[in-house]
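K.L.:
Residue numbers (my numbering): 1057 to 1195.
Any given hint might turn out to be false.
[Said to hold, decoys possible] Calculated lysine-lysine pairs in the DSS-like style (CA-CA distance at most 30 Å, straight line):
#1 K1168 to K1069
#2 K1167 to K1132
#3 K1124 to K1167
#4 K1095 to K1124
#5 K1132 to K1095
#6 K1069 to K1132
Since the hints were made in silico from the structure, they are not lab data.
These figures come from a predicted structure and were not determined experimentally.
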Amino acid sequence: DMLAAVHLSRQHKRQLALVDQDIAITLRHISQQFTFREKMRVIWDVLRSPFSKEMKRINFKLDQVPQKEVVATLVKVMRDRYPSLYNVMVVERNIVMARNLDAIVWANPGKKVLLVIGAGHDEDLRDRLQHMNRIAEIA
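Go ahead and model the full structure; you've got the sequences and the hints to work with.
P.N.:
Structure representation (C-alpha cells):
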C-alpha cells in the first residue's frame, strides 16, 4: 500500500504524507495486548486451515486486492477470534490515520487529498472520517 502511494505521488508530482501509525508503536502494542489465548487460536487456526471448508471458500490472491466480501469476512474473523489483534491492527491505526488525515485536510484547504490504505481499513476508516465534522467529502 505504501509503495503504491509512493509511486502515485511521484507519477502525479504530488506531496506524500504517510498517515499510518509508526510500525514500532504497532508492534509494541501487539506484544503488550496479544493474549496467550489468542496466540493459541492463531496456531490452531493455521494448523487446521488446510482442512477447513470455511477457508476453502475464501479464495483470494495475495498479489491482488481481494473482493469486498472476502475482506469483510477476514476482518470479521479477526475481530471475533483475535479481538486484541484487531484492536491494534485496525482500530488503533484507523484512529491515528483519521486524525492525521484530518490535520492534512485542514492544513491544505481546498486541495484534494489522495489516501492509499489497505483494504481491511476501508470501512472502519470511512466511518471514522464521516463522523469527524471537519472532513467535508469522502469519495
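K.L.:
Compare the structure with each hint and give your call.
P.N.:
Each hint tested on the structure:
1. K1168 to K1069: Measuring from Cα to Cα gives roughly 14 Å; hence the hint holds.
2. K1167 to K1132: With Cα atoms ~35 Å apart, K1167 and K1132 exceed 30 Å; violated.
3. K1124 to K1167: holds (29 Å)
4. K1095 to K1124: Status holds; Cα separation ~27 Å.
5. K1132 to K1095: Holds, at roughly 17 Å.
6. K1069 to K1132: violated (37 Å)
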